[in-house]
Every structure is written in structure tokens, then in C-alpha cells.
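Q: Here's the letter readout for the chains.
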Amino acid sequence: MPAPSQPATFTRRRRPPGLGESVLRPDAPPKVTGEFAFSSDLHLDNMVWGKTVRSPHPAARIVSIDIGPALAMPGVHAVVTQDDLWGSRTYGLEHHDQPVFAHDVVRFHGEPIAAVAADHPELAARACAAITIEYDVLEPLVDAERAITAPPIHPDGNVFRHITLRHGDPEATGDVVVEGTYEVGMQDQAFLGPESGLAVPSEDGGVELYVATQWLHVDRDQIAACLNLPREKVRLSLAGTGGAFGGREDLSMQIHACLLALVTGRPVKMVYSREESFFGHVHRHPARIWFRHHARRDGTLVNVESRMVFDGGAYASSSTAVIANATCFAAGPYRVPNAKIDGWAVRTNNPPCGAMRGFGAVQTSFAAEAQMDKLAAALDMDPLELRLRNALRTHDQLLTGQVIIGVAPVEECIRACAELPMPPAAEPDADLMTLPGGAGRTALPHNVRRGVGFAVGFKNLAFSEGFDDYSSARVRLELGADGEPVAIVHVATAEVGQGFVTLAQQIARAELGVGTVLLHPADTQVGSAGSTSASRQTMVSGGAVQMACAGVREVVLERAALDLHLAPADMVLGDGEVTTKDGTSRVSLAEALRAGPVEAYREFHHAPTEPLDENGQGNAHWSFAFAAHRAVVDVDEELGLVRVVQMATAQDVGKALNPLAVTGQIEGGIAQGLGLAVMEEIVVADGRIRNPSFTDYLLPTPLDMPPVVQTWIEQPERGVPYGAKGVGEPPTISSTGAIVAAIRAATGRPLTRIPVRPDDIAL
Amino acid sequence: MSDDPGVSDALHDPTTDDSRGAQGFPRPDGDFPLATYLLSVNGRELPVDDAWIGESLLYVLRERLGQPGSKNACEQGECGSCSVLMDGALVASCCVLAADAVDATLTTVEGLTGGGGLSDVQRAFVEQGAVQCGFCIPGMIVAVTDLLDRSPAASELEMREAISGNLCRCTGYGRIVAAFHQVQQERADARA
Chain A
8 MPAPSQPATF TRRRRPPGLG ESVLRPDAPP KVTGEFAFSS DLHLDNMVWG
58 KTVRSPHPAA RIVSIDIGPA LAMPGVHAVV TQDDLWGSRT YGLEHHDQPV
108 FAHDVVRFHG EPIAAVAADH PELAARACAA ITIEYDVLEP LVDAERAITA
158 PPIHPDGNVF RHITLRHGDP EATGDVVVEG TYEVGMQDQA FLGPESGLAV
208 PSEDGGVELY VATQWLHVDR DQIAACLNLP REKVRLSLAG TGGAFGGRED
258 LSMQIHACLL ALVTGRPVKM VYSREESFFG HVHRHPARIW FRHHARRDGT
308 LVNVESRMVF DGGAYASSST AVIANATCFA AGPYRVPNAK IDGWAVRTNN
358 PPCGAMRGFG AVQTSFAAEA QMDKLAAALD MDPLELRLRN ALRTHDQLLT
408 GQVIIGVAPV EECIRACAEL PMPPAAEPDA DLMTLPGGAG RTALPHNVRR
458 GVGFAVGFKN LAFSEGFDDY SSARVRLELG ADGEPVAIVH VATAEVGQGF
508 VTLAQQIARA ELGVGTVLLH PADTQVGSAG STSASRQTMV SGGAVQMACA
558 GVREVVLERA ALDLHLAPAD MVLGDGEVTT KDGTSRVSLA EALRAGPVEA
608 YREFHHAPTE PLDENGQGNA HWSFAFAAHR AVVDVDEELG LVRVVQMATA
658 QDVGKALNPL AVTGQIEGGI AQGLGLAVME EIVVADGRIR NPSFTDYLLP
708 TPLDMPPVVQ TWIEQPERGV PYGAKGVGEP PTISSTGAIV AAIRAATGRP
758 LTRIPVRPDD IAL
Chain B
11 MSDDPGVSDA LHDPTTDDSR GAQGFPRPDG DFPLATYLLS VNGRELPVDD
61 AWIGESLLYV LRERLGQPGS KNACEQGECG SCSVLMDGAL VASCCVLAAD
111 AVDATLTTVE GLTGGGGLSD VQRAFVEQGA VQCGFCIPGM IVAVTDLLDR
161 SPAASELEMR EAISGNLCRC TGYGRIVAAF HQVQQERADA RA
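For the record, the sequence lines run as chains A and B.
Count along the first sequence from 1, add 7, and you get the number used in this note's numbering.
Count along the second sequence from 1, add 10, and you get the number used in this note's numbering.
Hints were generated in silico from the structure; no laboratory data involved.
Heads up, some of the hints might be wrong.
[Unchecked claim] Residues on chain A that point at chain B, a partial pick, calculated with CB under 10 Å:
1) 32
2) 281
3) 449
4) 473
5) 474
6) 475
7) 715
[Unchecked claim] A few chain B positions that, by computed beta-carbon distances, are all more than 12 Å from chain A:
8) 50
9) 55
10) 64
11) 80
12) 85
13) 98
14) 112
15) 118
16) 131
17) 134
18) 140
19) 148
20) 159
21) 160
22) 163
23) 166
[What the hints assert, rightly or not] Simulated coverage check for chain A against chain B, where a stretch passes if three residues somewhere in it have a Cβ under 8 Å from a Cβ of chain B:
24) 104-112
25) 365-378
Idealized CB from N, CA, C, for every residue including glycine.
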């Protein structure tokens with residue numbers, strides 16, 4: 008794999024490289040020239056611009072809405088509110104509890120109330136401002152713990168889910184006990200491409216939507232229900248998607264744009280501003296987590312007790328699944344025979360929270376890894392030794408009682424990460440730019456202390472708890488205009504930047520022995536691919552493409568065998584030709600396709616899982632991925648400034664199908680973990696977002712992000728296509744905890760809250 | 011589907027869409043003072059007719075002149091996705107009024123592609139895996155091209171500082187830095 012920041016070299020080869028090689032992205036050339044059309048780049052001649060009217064209050068009764076002044080403005084084509092919806096007035100990923108437009112009650116700051124369509128975005132903005140809404144402002148419910156017992160702020164109540172996990176003897180005690188309470192701030196996905204798309208009314212009374220999303224089919228179903236249209240009249244196509252990280256799993260502008268298109272009879276383009284984006288999608292749940300760890304004197308974990316409250320904000324989104332992950336993986340990748348864990352995900356008047364990379368495992372990993380360090384200190388034991396002593400292995404039980412049957416190389420990850428090279432020691436005459444806080448004459452070299460921290464994390468891959476998680480693929484093999492075989496792969500998999508477009512081509516080339524693989528645009532004209540989330544597409548959509556290719560190959564072999572008067576079992580499909588296994592006879596693929604194209608449609612369903620029972624027990628998960636992180640930081644204690652000097656990681660990847668893509672996923676995931684550790688937080692005060700901009704919500708820049716040294720544990724997972732595990736989320740799970748551990752090591756401060764702020768260190 | 015192997019396009023190629031300049035708004039009234047002017051973009055003089063003077067250079071490039079390569083991710087000059095060169099200076103086009111860019115020589119990402127092929131910077135981004143979602147990439151390409159033209163021997167630290175106004179949420183910047191090194195190496199090899 009490439010060394011940090013150093014260019015990789017590629018051997019030019021005649022044949023397109025296949026699985027396991029660093030194949031380049033097919034969409035990279037148009038992305039570097041600016042030709043690639045993102046969802047905000049779409050254009051039709053007679054389109055109009057949509058814009059959303061949002062509540063300035065986190066809690067209020069709507070007394071009246073006067074859309075008259077906006078409708079009277081020349082160039083304004085429509086103003087829609089809930090009264091204009093002719094289908095379901097609510098939507099949601101798991102529970103349909105979120106109004107498309109708030110009608111009687113507003114439950115969060117920025118909740119949509121109306122939408123307008125106008126000739127120009129500035130006119131649309133002025134029309135929004137011209138709508139008069141009278142509110143009866145209410146006291147917002149903003150304390151997540153109080154929400155459990157407070158009067159309900161929604162007919163469905165304030166508790167989305169309470170998980171009671173009881174494992175082994177929940178009252179078991181150990182010789183050594185450590186306890187702590189931890190807090191996690193609200194992180195934003197901050198994908199760069201804002202929520203956007205183009206809705207086009209179709210002749211059959213339906214609507215076409217070109218949109219950036221993570222899951223076309225679940226968007227379609229929610230839109231169809233709210234517009235009271237049959238699903239087949241709502242056609243979605245994936246538009247160029249500028250990142251997602253969980254934030255596009257819920258709907259944003261989809262229904263509003265489609266409704267405006269149907270009402271105006273014209274194409275409607277909607278593009279959120281950055282400020283609107285902060286209000287327009289769910290965030291990572293803020294959490295408050297209490298832990299008590301029990302261990303024997305030799306460091307063996309005896310019991311883990313925890314109570315945690317995750318603030319889901321105003322609507323359910325995926326809170327019920329997030330809290331399941333948070334509790335199931337609460338203790339980290341360790342053998343824990345006894346556990347007593349209570350997890351709540353609750354409703355408040357804070358911004359809605361849902362999916363973000365790491366999905367519940369991030370919050371508890373930060374807290375649990377802090378506990379492991381605390382326990383090591385109490386035991387006077389090396390923190391790595393403590394982790395190695397308790398590291399999960401195959402055939403161990405999780406807190407849920409589920410036995411891990413797949414690969415679980417926790418020990419290997421820890422050892423490999425610890426062995427990665429350390430950065431050089433800080434030099435007294437180093438460039439000022441490399442000091443914490445940069446070159447602004449802030450930190451002084453003699454005040455800077457270096458610290459090293461370690462953390463280990465894991466989570467489930469793909470969907471859990473009995474969900475029938477699948478993907479569909481249609482693969483067609485035909486002769487192109489030049490007479491050469493071409494494979495066409497049609498999947499609805501949302502490419503959000505992760506690189507499935509590359510992998511789909513790699514798989515089809517490898518399975519069918521063809522050089523040219525075309526990807527049909529992702530749309531709802533093929534079966535669902537499920538969500539681009541939970542690190543699942545390599546496994547689930549990869550599996551569907553592999554199966555569909557196998558279906559095509561079967562027919563090709565039958566044809567060739569028929570030609571040669573042999574049995575298909577005697578034939579193999581190789582590089583552009585079908586040969587007998589002994590190599591004596593061959594039929595070119597082009598020859599076999601002369602009888603016509605071959606097409607196959609397959610679904611890959613992962614092995615079934617079970618719901619959690621009333622004690623939080625059950626075989627709820629399919630596969631797991633693990634990673635260890637080491638952070639080296641420089642800290643100026645007096646100023647509370649931190650610079651991360653180096654990140655090192657060893658990750659369990661099963662099998663790296665595209666090393667360059669894996670490298671990028673790991674570096675990018677660690678950057679988001681770094682953000683949560685030291686800078687990223689949506690500041691919410693009295694239910695209001697105070698920093699909805701990139702001026703005030705700080706993202707890691709190239710100067711904040713250090714080199715990443717990485718290595719992979721490649722032990723193929725059984726029952727998974729090519730043995731490859733998803734790699735997207737593990738980099739984001741324990742990188743945060745490693746950085747905070749390193750700051751603790753440098754400063755001796757407890758640092759129980761992320762992101763770590765200067766005054767947590769300096770005061 | 012695009013002719014380009016494996017590349018899905020959304021509706022049509024927006025860069026070849028000449029209809030954008032004809033977009034009808036706004037009507038001439040007191041709230042929307044209008045202006046008609048010429049912009050010099052990538053060596054071409056492009057007319058902007060009856061445009062509201064409040065429109066940013068980014069908006070006019072994207073919505074009126076059929077040049078949507080420059081992206082909008084923050085509209086306040088923080089993210090660098092809209093980076094263009096204005097008389098040779100790197101600017102955030104979201105923070106420049108289009109009508110103020112009259113008489114300036116403008117270069118956008120669309121103007122950095124020589125003769126239909128990729129520039130060395132663009133090719134290095136492709137080859138080093140510097141592109142994931144790609145939304146920040148046009149601005150990155152403009153910023154890195156500008157840096158290497160101004161300061162061919164820039165150190166990695168100088169490079170990180172130079173593009174610290176270009177946010178990328180996908181890559182963690184590692185492969186972008188690698189692409190920078192590749193270009194420096196190739197240019198050094200070519201001189202040798």
C-alpha cells in the first residue's frame with residue numbers, strides 16, 4: 008500500500024486490472040475536469056427554483072400562515088403547505104412521525120413549514136420571507152434525560168426506544184471498579200455537496216426526481232406515500248452525490264420538490280444553502296453515557312454496567328437502530344461475560360439526529376475506551392496489555408449473547424497498530440506552522456507536550472435485527488458496436504463517493520472476463536440495492552453483482568458447451584473466451600454472444616438475523632469489522648491547543664478488493680474522527696443551532712489532518728463475497744478515542760467530553 | 011447513458027448546454043436592478059444579459075454561462091469549492107459579484123483542461139485516488155494548479171497551507187497530497 012502522502016506507482020498493463028488491485032475510478036476523470044454533473048448542477052430550460060420556509064423557533068404552535076403576499080409576487084409560481092399534500096402527511100425511515108410540513112406544531116428549529124417555487128433563487132428567498140407565520144412560542148424540551156419523564160411533545164411519546172440489555176449475571180462485581188460519565192457533542196456529516204435535486208413532472212401524472220441520496224428506493228416509497236402516487240409513477244435517478252456519511256439516508260428536499268413540480272407542472276430545482284443544510288438533515292446523536300467497569304486483579308473484565316441517553320431530537324429517523332448499536336457494542340471489542348446496560352433514545356426539541364458514519368458505535372466507543380484506560384491505570388497495567396487480555400476472538404460471545412462465527416482479529420489489529428512506525432520527535436526548530444494553533448505566534452515550543460493514545464473499536468456491518476437486507480443487480484452481456492463483448496451492470500446502489508462504481512466494474516471484469524463494463528445509471532427501474540450505509544455496499548451490492556454475473560456466466564457456458572457438444576461443467580469462462588478445462592477447445596466470448604445477449608437478475612440477501620429480545624439478547628447481527636487506532640498529539644497546555652501529529656491504524660478488512668480505495672476510506676474516516684475529537688460540534692443552545700455555517704462549524708483542513716500510517720489485517724470473511732468486509736466506518740469509530748487518549752496522556756486531564764475544547768485542557 | 015465507459019451522467023452534459031444564458035429571470039423592476047455585461051471566461055467573451063446585479067460570479071458561471079464545474083458548498087468563502095482564477099489570483103467566486111468581474115480574465119476548472127485531455131494535475135488526482143465524491147475537486151484542482159505554477163518547489167507543508175482554504179470531507183487529504191507530489195516529481199523528471 009502507498010506510504011503516507013507519497014504517490015503510488017502503477018504498472019501499466021494491457022488488461023484492465025481486477026479484484027484486489029488499485030483500479031482507478033471511472034468517474035474520476037469527469038470529476039477532475041468539472042464535467043461530472045452533481046445534483047446541484049442539473050438544469051432544464053423551463054425549470055423554476057424551489058425554496059423552503061423554516062421555523063425560527065424550536066417549539067411553537069402555529070397560529071396562522073398567510074401565503075398571500077408571496078403568491079402575489081410576480082415570478083412566484085406556487086406556495087405549498089401541508090394543506091396541499093394529498094397523501095400521507097408524515098414520513099420517516101422507520102416510523103412515519105415527521106411531518107412533511109409542520110402544520111399545527113413546530114418541534115425543531117428549522118422545521119419546514121412551506122415551500123415556494125419561483126423564477127430565480129433570490130426571488131424564491133424573498134417569497135419565503137414574505138410568508139407571514141404567526142407563532143405561539145413554547146418552552147422547548149431540550150434536556151434529553153428530562154425528556155424520558157417529561158410530558159410528550161409528540162403523539163408518539165418522547166422515548167423512541169429503551170433497550171434493556173442483561174447478559175450473564177448483571178450484578179457480578181469485580182476486584183477493581185472504575186466509573187465515569189462521558190458526553191458526546193452533536194457532529195454534522197458536512198458532506199460538501201448540499202442537498203439538491205431536480206423534480207420533473209411526467210406525462211403520466213407522476214414525477215421523476217434526479218437527486219443525491221443514499222437509498223433511492225426508500226426515498227421513492229416515502230415520496231409516493233406522501234403524494235398518494237403509485238410507486239411506479241415516482242421514478243428516481245441518482246444524481247451526482249457530493250458525499251453522504253449518513254446524512255442523506257433521511258429525506259430532505261425530495262417531497263417538497265416533487266410536490267412543487269406537480270403543482271406547477273414545471274421542473275423544480277432545489278439546492279440547499281450550507282445554512283439550510285445544517286437544518287435540513289439529521290446529525291450524529293449527542294449522548295451522555297455512564298459506565299462502570301468491573302475487572303479481576305489480573306485485568307480480566309467481569310462486568311460492564313452502563314446507562315446512556317441519546318438525544319434523537321424532534322423525530323425518530325433511525326434513532327431506534329442507533330441506540331441498538333450503541334448498546335450492543337457498548338463495551339468495545341472485548342470479552343465481557345456479564346453486562347447490565349440501559350440505553351434510551353429520546354425525543355426533544357433539539358435538531359433531529361439519525362445516521363452518521365459509525366452509527367451509535369462512535370459515541371460508546373469514546374466512552375468505553377476512556378474506561379479501559381482508566382481501568383488500566385487502576386490496575387497499574389499497560390493499556391494495550393489490558394486490551395489484549397480481553398480482546399474478542401472468533402467463537403466469543405458479544406454482550407448480546409451472539410457468538411461471533413466470523414473473523415475477529417482484534418488482537419492482530421492491536422499488535423499490528425502498535426508496531427507501526429512512530430513519527431519523529433518534535434524538533435526545537437520546527438516550522439511554526441507545525442505547532443498547535445499554527446503560525447500565529449500562539450504556542451511556544453517549550454510549552455508543547457507530546458502524548459500518545461490508543462483505542463480499539465468495532466461495529467456491525469450491514470443491517471441488523473431481522474431486517475431483510477438485500478441488494479439487486481441486473482447484468483447483461485452483449486456485443487458492442489465494435490463486435491467486442493460488453494457487460495452492462497444495472498444496480499440502484501447510490502455512489503456517494505465510496506467507490507462502488509469502481510468495484511462493480513472490477514467484479515464484472517473478474518467474473519465475466521470482459522474488458523469493457525458499463526454502468527447503467529442508478530435508478531428505481533431495477534430492484535432496491537438497499538442503503539449506501541452501514542459499510543454494506545461492497546458486501547451486499549457486491550454480492551448481487553457477483554451473483555448476477557454468475558448467472559450470465561452459466562448461460563454463456565451452456566451455449567459454448569452446446570457448440571462443442573460438451574457439458575457446461577467441463578467449461579470455464581476466462582479472458583474473453585470459453586475454454587474446456589483441459590484447454591483443448593475454446594469458443595470466443597464474442598462467438599458465444601452471437602446468438603444474442605445474455606442477461607441475469609439476482610438478489611443477494613445476507614444471512615438472516617434476529618430481533619433483540621427483552622433482555623437485549625439475540626443473534627441480531629451478521630458480520631463485524633474491527634480496527635485499532637494510535638494517535639500522537641502535540642498539546643500546548645496553557646492555551647489548550649492540540650495538533651494531531653500522526654494517526655496509525657490497523658484495520659480488519661477481510662480482503663482489500665481495491666487497495667487504493669481502502670486507503671482513501673481509512674484516511675477520510677479518520678479525518679472525521681479527528682474532527683469529532685477536537686473541533687466539530689453543532690452548538691445547540693435552547694434548541695437553536697448557533698453555528699450553521701462552515702465559518703463557525705469547523706472541519707479539519709489539510710493543516711489539521713496529519714499523515715496516516717495504515718496496515719490491514721486480511722483474513723477473508725466466510726459467507727461474504729470475496730471475503731471482503733466493508734471498510735467505511737471502522738476508521739471513524741475509535742480514531743476519536745485514540746486522539747483524546749493521547750491528549751490525556753499529554754496533559755493528565757480527564758477529558759470526558761468530545762469535542763475537546765481549549766478550556767477543557769487549559770482551565 | 012454517457013459514452014464514457016462506466017460513467018453515469020445525470021440528465022445531460024451541462025457544460026455543453028448553451029440554453030442557460032437564456033434563462034428568463036428577472037423581470038426589470040426596482041427590487042432587482044439589472045445589468046448587461048461581458049465576462050472573459052477561459053479565453054472566451056461571454057455575454058450576460060439582463061442579470062440581477064446581486065448575482066455572484068459563481069452563480070453567473072454556473073447558472074447563466076453553462077460552466078457548472080465550479081461548485082457551491084458554503085456560499086461564504088470558507089470551503090474553496092468555487093475557487094477560480096481572477097486575473098491570475100485565486101478567489102472564491104461565491105464572494106465576488108459577477109458584475110465586478112467585468113474586465114477581469116477568469117479561469118475556471120473548465121479552462122484547465124488542455125486539448126480535451128487532462129492536465130498533469132488532473133491526471134495525478136485520478137491516478138493517486140485523490141477523488142472520492144469529487145465535489146471539492148474542481149476547486150482543489152484550481153488551487154493546486156495555481157500553487158504549482160506560482161511555487162513549483164513548494165514543500166508539503168506549504169502545499170497543505172496553500173490548500174487549507176479548500177475543504178474535503180471524503181479523503182482526509184492524504185491522496186490529494188500524494189497527487190501534488192506526483193506532479194512535482196513528473197515536472198522535475200521532465201526538466202531533467
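Q: Now, for every hint given, state plainly whether the structure supports it.
A: Status of the hints after comparison with the structure:
1. Here the hint on residue 32(A) is kept, as its CB sits about 6 Å from the closest CB of chain B, short of 10 Å.
2. Because the closest C-beta pair between residue 281(A) and chain B is about 4 Å apart, less than 10 Å, the hint holds.
3. Interface restraint check: residue 449(A) against chain B, minimum CB-CB distance 16 Å, threshold 10 Å, status violated.
4. Hint on residue 473(A) is violated. Least Cβ distance to chain B is approximately 32 Å, over the 10 Å limit.
5. Because the beta carbon of residue 474(A) sits about 26 Å from the nearest beta carbon in chain B, more than 10 Å, this interface hint is broken.
6. Violation of the interface hint for residue 475(A) is found here, the shortest Cβ-Cβ separation to chain B being roughly 27 Å, above the 10 Å cut-off.
7. For residue 715(A), the suggested interface contact is upheld, since its CB lies about 6 Å from the closest CB of chain B, less than 10 Å.
8. Every C-beta of chain A lies more than 12 Å from that of residue 50(B), the closest at about 18 Å, which supports listing it as non-interface.
9. The beta carbon of residue 55(B) is kept farther than 12 Å from every beta carbon of chain A, the shortest such distance being approximately 20 Å.
10. At the 12 Å boundary, the C-beta of residue 64(B) falls inside the reach of chain A, the nearest C-beta of that chain being 6 Å off.
11. Its closest Cβ contact with chain A, about 7 Å, brings residue 80(B) to no more than 12 Å, contrary to its assignment away from the interface.
12. Look at residue 85(B): its CB is around 6 Å from the nearest CB on chain A, not clear of 12 Å, so calling it non-interface is violated.
13. No beta-carbon of chain A is positioned within 12 Å of the beta-carbon of residue 98(B); the least distance is around 19 Å.
14. Against chain A, the non-interface label of residue 112(B) holds: every CB pair exceeds 12 Å, the least being about 20 Å.
15. The non-interface label for residue 118(B) is inconsistent with chain A: the shortest C-beta to C-beta separation is roughly 7 Å, within 12 Å.
16. The beta carbon of residue 131(B) sits about 8 Å from the closest Cβ of chain A, which is not more than 12 Å, so the claim that it is off the interface is violated.
17. The beta carbon of residue 134(B) sits about 8 Å from the closest Cβ of chain A, which is not more than 12 Å, so the claim that it is off the interface is violated.
18. The beta carbon of residue 140(B) is not kept farther than 12 Å from every beta carbon of chain A, the shortest such distance being approximately 8 Å.
19. At the 12 Å boundary, the C-beta of residue 148(B) falls inside the reach of chain A, the nearest C-beta of that chain being 5 Å off.
20. With 12 Å as the threshold on Cβ separation, the claim that residue 159(B) sits away from chain A holds: the shortest Cβ distance comes to roughly 17 Å.
21. With 12 Å as the threshold on Cβ separation, the claim that residue 160(B) sits away from chain A holds: the shortest Cβ distance comes to roughly 17 Å.
22. With a closest Cβ-Cβ approach of about 16 Å to chain A, residue 163(B) is found to remain outside the 12 Å limit, as its non-interface label requires.
23. With a least beta-carbon separation of about 6 Å from chain A, residue 166(B) fails to lie farther than 12 Å from that chain, contradicting its non-interface assignment.
24. For a cut-off of 8 Å, the count of residues in the stretch 104-112 of chain A with a CB near a CB of chain B stands at 0, and the three-residue condition is violated.
25. For the stretch 365-378 of chain A, the assignment as covered by chain B is violated, since 0 residues bring a beta-carbon within under 8 Å of that chain's beta-carbons and 3 are needed.
In terms of the numbered hints stated before, the structure departs from hints 3, 4, 5, 6, 10, 11, 12, 15, 16, 17, 18, 19, 23, 24, 25, listed from lowest to highest.
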